[in-house]
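Undergrad: Chain A is fixed; fit chain B onto it per the hints.
The residues making up each chain are set out below.
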Amino acid sequence: DTEVTQTPKHLVMGMTNKKSLKCEQHMGHRAMYWYKQKAKKPPELMFVYSYEKLSINESVPSRFSPECPNSSLLNLHLHALQPEDSALYLCASSQLDRGNTEAFFGQGTRLTVV
Amino acid sequence: TQLLEQSPQFLSIQEGENLTVYCNSSSVFSSLQWYRQEPGEGPVLLVTVVTGGEVKKLKRLTFQFGDARKDSSLHITAAQPGDTGLYLCAGASLSGGFKTIFGAGTRLFVKA
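In the order they appear, the protein sequences are chains A and B. No gaps in the numbering here: position 1 of the first sequence is 9 in the working numbering, and each next residue is one more. No gaps in the numbering here: position 63 of the second sequence is 138 in the working numbering, and each next residue is one more.
Extracted from the complex, chain A is given alone in its bound form:
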């Protein structure tokens, strides 16, 4: 099973709403990631969790709040977003092996902020 599952697939939210994106993997991977991808651009790293601890925050605004409840789950809590935050949000996971950092991606959540 090389599947990373993200929910929801699509989300429309107002600028005053609070919502959460969810990600799940059962590959035993101990690194999990959030990426943001705008149209016609490559994915940009937002957060990295290693062994359920936040190890990298790429200077992401505090309106994005990640959470890793256990080794299989990763959430991204959203609050007071701006229209420019509309994008495809991708979750990924990988083994914690410096020799091979291949990541498996979910299908993404298409987020629209109105």
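Just so you know, the hints here were simulated from the structure itself, not pulled from any lab data. Just so you know, even glycine gets a beta-carbon here, dropped at the ideal spot from N, CA and C. Do not rely on the hints blindly, as some may be mistaken.
[Unchecked claim] One side of the interface only, derived from the structure: several residues of chain A facing chain B at Cβ under 8 Å:
no. : residue
1   : K46
2   : P50
3   : L53
4   : T109
5   : F112
6   : G116
7   : V121
[What the hints assert, rightly or not] With a cut-off of at most 30 Å between alpha-carbon atoms, the simulated DSS-like pairs for lysine-lysine come out as follows:
no. : chain 1 : residue 1 : chain 2 : residue 2
8   : B       : K132      : B       : K186
9   : A       : K17       : B       : K145
10  : A       : K48       : B       : K186
TA: The following block gives chain B in isolation, referenced to the frame of chain A:
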């Protein structure tokens, strides 16, 4: 700053033609990955190259990792319309920990 420079950024070819996409960096990578992404979907892993000089084949796709582990190439033989998509190289440099970065991507369009 670790950068992955990918070229060309856009390629439009006829069915049956061959093509090569390049991914270059000044940093050394422990491994490099190639992904293919369809619009609105997540990237799908095609291959990982780990050893300098390594060549891997996946049907009509041939992937090469440079001897110095700073560059990689993807060669497609006899391209088909089904090969159309965004091809991304990605990797985490030896000094970057688990911070995987992506090249800008190559948008390939194969005309029937």
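Undergrad: Does each hint fit the structure? Answer for all of them.
TA: Now for the hints, and whether the structure bears them out:
1. Hint status for A/K46: violated, given a least beta-carbon distance of 12 Å to chain B, over 8 Å.
2. For A/P50, the interface hint holds, the least distance from its beta-carbon to any beta-carbon of chain B being 4 Å, beneath 8 Å.
3. For A/L53, the shortest C-beta to C-beta distance to chain B is roughly 6 Å, which falls under 8 Å, so the interface hint holds.
4. The beta carbon of A/T109 comes within 4 Å of a beta carbon in chain B, closer than 8 Å, and the hint placing it at the interface holds.
5. Of the supplied interface hints, the one on A/F112 holds, with its beta-carbon coming within about 6 Å of a beta-carbon of chain B, less than 8 Å.
6. For A/G116, the suggested interface contact is upheld, since its CB lies about 5 Å from the closest CB of chain B, less than 8 Å.
7. For the restraint placing A/V121 at the interface with chain B, the shortest Cβ-Cβ distance is roughly 17 Å, beyond the 8 Å limit, so the hint is violated.
8. The straight-line distance between the Cα atoms of B/K132 and B/K186 is roughly 23 Å, inside the 30 Å bound, and the hint therefore holds.
9. Pair hint A/K17 plus B/K145 does not hold up; C-alpha atoms about 36 Å apart against a cutoff of 30 Å.
10. With a C-alpha separation of about 20 Å, the suggested pairing of A/K48 with B/K186 holds against the 30 Å cut-off.
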